[in-house]
Amino acid sequence: MGRATSDAEAGSDPGAGSGADAGTGGTAGAGGAGVGAHAPPPAPAPPGDAAGLGRPRALAFVTPALVLILVFLVFPALWTIYLGVTDYRLTGIAAVEPRVVGLDNYGRAVGDERFHTSLWLTLQFVLGSAVIGQAGLGFAIAWVTRGRGRTLRGLVEGLVMLAWILPGSVVAFLWIALLDRDGGTLNALLDTPGAAWLLDHPMLSVIVFNVWRGTAFSMMLYSAALQSVPPSHLETARLAGASTWQQLRDVVFPHIRGHALTNLLLISLWTFNDFTPFLLTAGGPEGRSEVLAVYILNVAVRGGELGYGAAISFLILLINLIVALFYLRMLRERRTAAPAEPVAGGGR
Amino acid sequence: MSAPPPGTPGRAGPRRTDGGNGHAGADGNGRAGGAGRTDGGAGLGRTDGGAGLGRTDGGAGRAAARRLAGRAASALFIAVVLAFFAFPLLWLASAPFDAHPTITASLPEFTLANFRELLDNPYALTSLRNSVYLAFWTMLLVVGTGALASYALSRVRVPGRDAILYALLLLSSIVTGTAAMVPIFLLAFELNLVDTHLGVVLVLAGGLLPAAIFILKDFMDNTPTSYEESARVFGATPLQILRHIVIPTVRPGLATIAVWTVATVWSSFLPPFLLLRDPELSPAAVVMYTFYTEGGQPNLPLISTFSLLYSLPVVVMYVFVSRRYGFRFHGGIKR
Amino acid sequence: MSPLRRPAAALALLTALTLPLAACARGGGGGGDGKEITLTIASNAISGGKNAEEADWVQKWVIPRFVAAQKAKGVTAKVVFQASGVEDEQYKTKQALDLKSRSGADVIAMDGIWVGEFAQAGYLKPLGEVGGPEVDKWDGWQQIPEAVQGLGEFEGKRYGIPMGTDGRVLFFNRKLFAQAGLPADWQPRSWRDILDAGAKLKAIKGVTPIQWNAGTAMGEATSMQGFLPLLAGAGAEVYAGGKWTGASQAVIDVLDFYAKIYRGGLGDPRLQQEAKGRDKSFQEFAEGKIGILAEGDYFWRGVVEPKEGVAPMPDREQTVGYALIPAREPGKGVRGQDFVSMSGGSVRVLNPSSKHPGQAWELLSFMHSAEATKAEIGDVPRVSARMDVNAQLLAGDPMLRFISEKVLPITSYRPPLAVYPQVSTAIQEATASVVSGATPAQAAAAYQRKLEGVVGGPGNIGR
Numbered sequence: 001m002g003r004a005t006s007d008a009e010a011g012s013d014p015g016a017g018s019g020a021d022a023g024t025g026g027t028a029g030a031g032g033a034g035v036g037a038h039a040p041p042p043a044p045a046p047p048g049d050a051a052g053l054g055r056p057r058a059l060a061f062v063t064p065a066l067v068l069i070l071v072f073l074v075f076p077a078l079w080t081i082y083l084g085v086t087d088y089r090l091t092g093i094a095a096v097e098p099r100v101v102g103l104d105n106y107g108r109a110v111g112d113e114r115f116h117t118s119l120w121l122t123l124q125f126v127l128g129s130a131v132i133g134q135a136g137l138g139f140a141i142a143w144v145t146r147g148r149g150r151t152l153r154g155l156v157e158g159l160v161m162l163a164w165i166l167p168g169s170v171v172a173f174l175w176i177a178l179l180d181r182d183g184g185t186l187n188a189l190l191d192t193p194g195a196a197w198l199l200d201h202p203m204l205s206v207i208v209f210n211v212w213r214g215t216a217f218s219m220m221l222y223s224a225a226l227q228s229v230p231p232s233h234l235e236t237a238r239l240a241g242a243s244t245w246q247q248l249r250d251v252v253f254p255h256i257r258g259h260a261l262t263n264l265l266l267i268s269l270w271t272f273n274d275f276t277p278f279l280l281t282a283g284g285p286e287g288r289s290e291v292l293a294v295y296i297l298n299v300a301v302r303g304g305e306l307g308y309g310a311a312i313s314f315l316i317l318l319i320n321l322i323v324a325l326f327y328l329r330m331l332r333e334r335r336t337a338a339p340a341e342p343v344a345g346g347g348r
Numbered sequence: 001m002s003a004p005p006p007g008t009p010g011r012a013g014p015r016r017t018d019g020g021n022g023h024a025g026a027d028g029n030g031r032a033g034g035a036g037r038t039d040g041g042a043g044l045g046r047t048d049g050g051a052g053l054g055r056t057d058g059g060a061g062r063a064a065a066r067r068l069a070g071r072a073a074s075a076l077f078i079a080v081v082l083a084f085f086a087f088p089l090l091w092l093a094s095a096p097f098d099a100h101p102t103i104t105a106s107l108p109e110f111t112l113a114n115f116r117e118l119l120d121n122p123y124a125l126t127s128l129r130n131s132v133y134l135a136f137w138t139m140l141l142v143v144g145t146g147a148l149a150s151y152a153l154s155r156v157r158v159p160g161r162d163a164i165l166y167a168l169l170l171l172s173s174i175v176t177g178t179a180a181m182v183p184i185f186l187l188a189f190e191l192n193l194v195d196t197h198l199g200v201v202l203v204l205a206g207g208l209l210p211a212a213i214f215i216l217k218d219f220m221d222n223t224p225t226s227y228e229e230s231a232r233v234f235g236a237t238p239l240q241i242l243r244h245i246v247i248p249t250v251r252p253g254l255a256t257i258a259v260w261t262v263a264t265v266w267s268s269f270l271p272p273f274l275l276l277r278d279p280e281l282s283p284a285a286v287v288m289y290t291f292y293t294e295g296g297q298p299n300l301p302l303i304s305t306f307s308l309l310y311s312l313p314v315v316v317m318y319v320f321v322s323r324r325y326g327f328r329f330h331g332g333i334k335r
Numbered sequence: 001m002s003p004l005r006r007p008a009a010a011l012a013l014l015t016a017l018t019l020p021l022a023a024c025a026r027g028g029g030g031g032g033d034g035k036e037i038t039l040t041i042a043s044n045a046i047s048g049g050k051n052a053e054e055a056d057w058v059q060k061w062v063i064p065r066f067v068a069a070q071k072a073k074g075v076t077a078k079v080v081f082q083a084s085g086v087e088d089e090q091y092k093t094k095q096a097l098d099l100k101s102r103s104g105a106d107v108i109a110m111d112g113i114w115v116g117e118f119a120q121a122g123y124l125k126p127l128g129e130v131g132g133p134e135v136d137k138w139d140g141w142q143q144i145p146e147a148v149q150g151l152g153e154f155e156g157k158r159y160g161i162p163m164g165t166d167g168r169v170l171f172f173n174r175k176l177f178a179q180a181g182l183p184a185d186w187q188p189r190s191w192r193d194i195l196d197a198g199a200k201l202k203a204i205k206g207v208t209p210i211q212w213n214a215g216t217a218m219g220e221a222t223s224m225q226g227f228l229p230l231l232a233g234a235g236a237e238v239y240a241g242g243k244w245t246g247a248s249q250a251v252i253d254v255l256d257f258y259a260k261i262y263r264g265g266l267g268d269p270r271l272q273q274e275a276k277g278r279d280k281s282f283q284e285f286a287e288g289k290i291g292i293l294a295e296g297d298y299f300w301r302g303v304v305e306p307k308e309g310v311a312p313m314p315d316r317e318q319t320v321g322y323a324l325i326p327a328r329e330p331g332k333g334v335r336g337q338d339f340v341s342m343s344g345g346s347v348r349v350l351n352p353s354s355k356h357p358g359q360a361w362e363l364l365s366f367m368h369s370a371e372a373t374k375a376e377i378g379d380v381p382r383v384s385a386r387m388d389v390n391a392q393l394l395a396g397d398p399m400l401r402f403i404s405e406k407v408l409p410i411t412s413y414r415p416p417l418a419v420y421p422q423v424s425t426a427i428q429e430a431t432a433s434v435v436s437g438a439t440p441a442q443a444a445a446a447y448q449r450k451l452e453g454v455v456g457g458p459g460n461i462g463r
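As they're listed, the protein sequences go chains A, B and C. According to our numbering, the first sequence is numbered sequentially starting from 1. According to our numbering, the second sequence is numbered sequentially starting from 1. According to our numbering, the third sequence is numbered sequentially starting from 1.
Hints listed in this document are in silico derivations from the structure and should not be mistaken for laboratory results. Note that this is a predicted model, so its numbers are computed, not measured. Warning: the hint list may mix true and false statements.
[What the hints assert, rightly or not] Only part of the chain C face toward chain B is listed, based on derived beta-carbon distances under 10 angstroms:
1. Gly49
2. Lys50
3. Gln82
4. Arg278
5. Gly309
We put the CB at the ideal spot given by N, CA and C, even for glycine.
Make a model of the complete structure from these sequences and hints.
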């Protein structure tokens with residue numbers, strides 16, 4: 001029975017991959033089909049409707065969420081996108097009679113040097129703090145602590161979670177207390193009095209800060225995802241003498257590929273829209289840490305230009321779409337590049 | 001790290017030359033010891049203990065050495081992680097107990113007066129109750145409707161479902177931004193939801209659902225369908241299948257979403273601030289902002305003390321959920 | 001995708017689903033025929049938090065007395081206080097949304113500078129139009145100086161009653177001044193005098209001679225406490241005669257003064273860049289590490305106040321000195337003045353959508369009666385809008401009397417226009433670039449370019 005189950009699971013893996021193939025619609029199935037790190041998968045269970053849900057019932061299952069999303073998400077979001085082609089403001093004359101200005105807001109953003117700088121900083125921010133920092137550290141913590149005792153695990157996870165759930169305003173106090181150039185704890189520890197981390201290395205500071213702040217989500221997701229890796233597979237790989245790296249590559253990764261992609265998509269999107277760095281550096285000095293979300297705050301919201309702010313929000317959305325396509329490509333290339341090499345002694 | 005020398009004994013040796021990267025320290029040492037090469041320590045002298053063990057015991061020792069080195073490395077890693085995450089929290093540990101907290105962490109002039117002052121605040125404790133209320137209902141709504149939807153989406157083919165799902169996810173990033181506050185408010189106003197907890201719950205849930213479905217669908221996709229098929233053969237209804245087979249299997253995923261929702265709602269400021277009027281209804285994240293002066297200067301004693309009280313419930317909840325639901329391996333279904 | 005085509009239908013469905021619940025959750029509404037009324041007061045004040053004194057006063061003093069007075073007239077009044085405690089910008093957003101949707105409190109407290117943009121948006125109407133003929137007959141107007149009344153006016157019409165006002169001065173540390181050989185009753189006559197004092201203070205180790213707010217991180221504090229008083233001292237205003245001030249000689253002079261402070265080693269340029277720089281400047285002043293600080297009287301009342309301040313100084317009375325901000329040179333200030341200042345202040349307005357505008361005005365005018373104002377000020381003195389109250393209550397606080405008698409007559413106000421926040425941002429950026437190395441002329445030119453984009457072309461910019 002055990003063996004049969006594992007096989008069934010191996011067969012369902014490609015499904016996991018394709019499930020995460022968001023944004024590409026039709027090609028997703030093709031990309032995922034038949035690819036897996038395991039030996040040729042047995043014919044998968046008939047695709048889809050295993051529980052005999054049927055379309056009507058499936059629709060009934062989807063409806064509550066769909067209604068909520070349509071009313072409280074899609075409707076205001078489309079409205080906001082519409083505001084992006086107007087010169088709308090919350091107060092003043094433009095509040096009464098907003099004019100449709102077409103793509104002027106977009107033209108203005110694309111022509112604004114500050115926007116370019118900001119975009120470049122945001123890419124650094126996302127790559128450094130989310131893709132490398134949060135996802136990497138989050139996975140590492142989930143992996144290393146997975147077999148540990150409850151107390152240690154609770155301690156590590158509790159601390160990581162604490163960083164995540166504290167409100168931004170409080171977190172800003174914590175990090176200023178840490179990085180302050182006069183009385184900062186870090187300077188006391190490193191014996192570097194007067195080192196102005198936030199002013200001399202603003203991007204590095206906010207990147208490290210955001211790793212601290214947001215690793216919890218990746219850790220939590222990977223912790224849960226790692227449970228979909230059957231311990232028996234790991235055990236056999238280990239007995240066969242596979243190194244940790246090999247175990248990760250050949251046993252773990254195929255199981256969590258979909259989660260990894262989801263995680264990257266989500267944390268990138270959130271990091272793009274995160275303006276907590278503002279609380280640490282106010283975007284400065286001289287805009288050297290003005291990521292896009294802070295740019296919106298500084299340029300549009302503080303100045304009351306909601307139309308312009310909406311336009312930039314939409315630009316961020318488009319950039320995220322590109323980033324998502326890039327992730328999908330990267331993951332697919334990776335699948336085709338890595339030959340389906342049997343796990344070192346994979347127990348078969 | 002050094003590439004494995006050709007002809008190194010040991011069938012566990014990486015098959016690809018880049019394979020050793022992530023693990024070169026422990027792996028390389030074990031091998032060096034096992035081979036008994038005289039220069040074993042030279043290039044890799046970091047974990048002498050491991051090398052020594054390997055020399056005495058041959059093959060078995062090699063594995064033991066590797067385990068030991070691995071344990072040492074992971075212990076070191078955990079220590080570094082603990083330090084990294086604990087260090088910035090020092091201020092939170094000192095300031096609430098300090099009679100005159102400043103923006104830097106220092107040894108406190110110990111006092112509990114800040115807590116007393118906080119308890120005198122008319123909104124502090126109510127706001128925590130409101131936060132619990134908002135977080136609980138939003139979580140229930142998101143997990144409930146999200147699980148149903150993601151299950152259906154996972155099992156029934158809808159053309160372009162992934163594209164639609166990702167489009168919704170992208171839209172959710174717009175409505176969580178500041179630019180969307182006018183549409184959100186006017187919508188809630190038209191629906192007569194201003195100054196109600198229900199309005200906040202619905203707006204928050206709408207914003208969180210796409211990501212929740214996105215994550216849950218991965219978990220649903222990952223569960224084997226064979227059990228559902230057999231259950232169906234025995235006449236179980238789809239709801240029964242969902243309840244007795246799917247839910248227990250994706251429990252870690254549900255726990256993740258639950259914790260994520262609660263934590264997000266707990267720290268969300270803009271929707272409750274925009275939609276609520278009566279301060280008696282405000283959640284803690286909003287009340288936190290009241291501890292500033294007219295000139296915008298923070299009242300550090302109250303802010304630090306309230307932060308401490310504010311963060312504890314969520315940490316406790318996380319530890320509880322992770323022990324109760326998240327990290328117990330469910331035998332039977334998967335092995 | 002098809003449901004997207006029918007948002008209205010979805011909306012209607014959801015309304016039907018949620019309405020009963022919403023109705024339950026909502027508090028009892030207003031309504032009534034004038035004999036039974038509910039009035040709401042909104043302010044960015046909350047018990048136990050921001051502006052707690054005001055919140056307590058509304059709840060414990062105003063409401064019971066107003067309700068009793070109405071009862072005597074046979075009206076059953078219920079007055080609700082809608083407390084907030086957030087950043088001013090956020091409070092502004094919330095009030096704007098409420099007014100936009102024609103809901104919201106009957107009496108609303110707001111920063112005087114918002115009146116113009118709210119009026120332009122149609123959110124506010126002149127007081128007389130809302131409250132009726134009683135408004136102009138109110139005897140309180142005579143007690144409020146013309147200049148202060150200006151806080152609640154826009155295009156010559158009254159929109160609100162000012163709650164109080166403030167003024168900017170130079171604070172200095174007398175202990176440090178004594179060490180540097182400077183007088184305890186220091187009063188500079190020109191910018192040169194300030195720089196000279198700074199040069200002497202520089203000799204004391206570990207002391208920043210001058211803190212003059214600059215940069216974007218300080219936000220509006222840079223404009224209000226830093227740039228604008230200097231601009232007034234250089235004889236100009238940021239908005240005058242329907243035009244904004246561009247890269248004029250006055251602006252260059254102001255930026256040059258910044259350059260002399262921050263590039264001449266008299267100030268701490270890094271502090272201007274820090275996100276919590278202003279909080280830190282307060283703390284450093286309280287610790288005796290800053291010699292001269294340009295700030296509003298809030299600094300005296302709320303920061304170094306010995307008991308309740310955020311950076312309390314037990315010896316405030318002895319240690320903290322204050323002086324008027326001089327013009328660049330005597331007689332070169334705006335309107336030919338020797339000394340200058342900037343002021344702001346909050347006002348209370350009536351909601352044009354109030355269901356009981358007449359009674360709302362009764363409540364508003366009651367809140368601004370002499371008796372009520374005295375009760376509002378309570379133990380911690382501040383400059384109220386009313387001269388009669390100031391004469392009584394400020395007697396015990398020489399600093400605030402100084403503001404009321406010496407500063408208010410020479411002060412200036414910001415233009416209450418929607419575009420001002422963006423102009424202010426341009427100002428902050430200009431000072432930031434000087435602090436970090438641009439020449440005053442470069443910074444002024446960049447300011448001019450930015451300004452043209454903000455105010456709609458060079459045609460709206462004067463020289």
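Cross-check of the supplied hints:
Contact between Gly49(C) and chain B, as hinted, is supported at the beta carbon level, the nearest pair being about 3 angstroms apart and thus within 10 angstroms. Because the beta carbon of Lys50(C) sits about 5 angstroms from the nearest beta carbon in chain B, less than 10 angstroms, this interface hint is met. Given hint, Gln82(C) at the interface with chain B, holds; its Cβ is 5 angstroms from that chain's nearest Cβ, closer than 10 angstroms. Restraint check, Arg278(C) versus chain B: the minimum CB separation of about 8 angstroms is within 10 angstroms; hint holds.
Annotation: Gly309(C) was flagged as interfacial toward chain B, and the flag holds, the nearest CB pair being 9 angstroms apart, inside 10 angstroms.
Comparing the model with each earlier hint shows no violations; every hint is respected.
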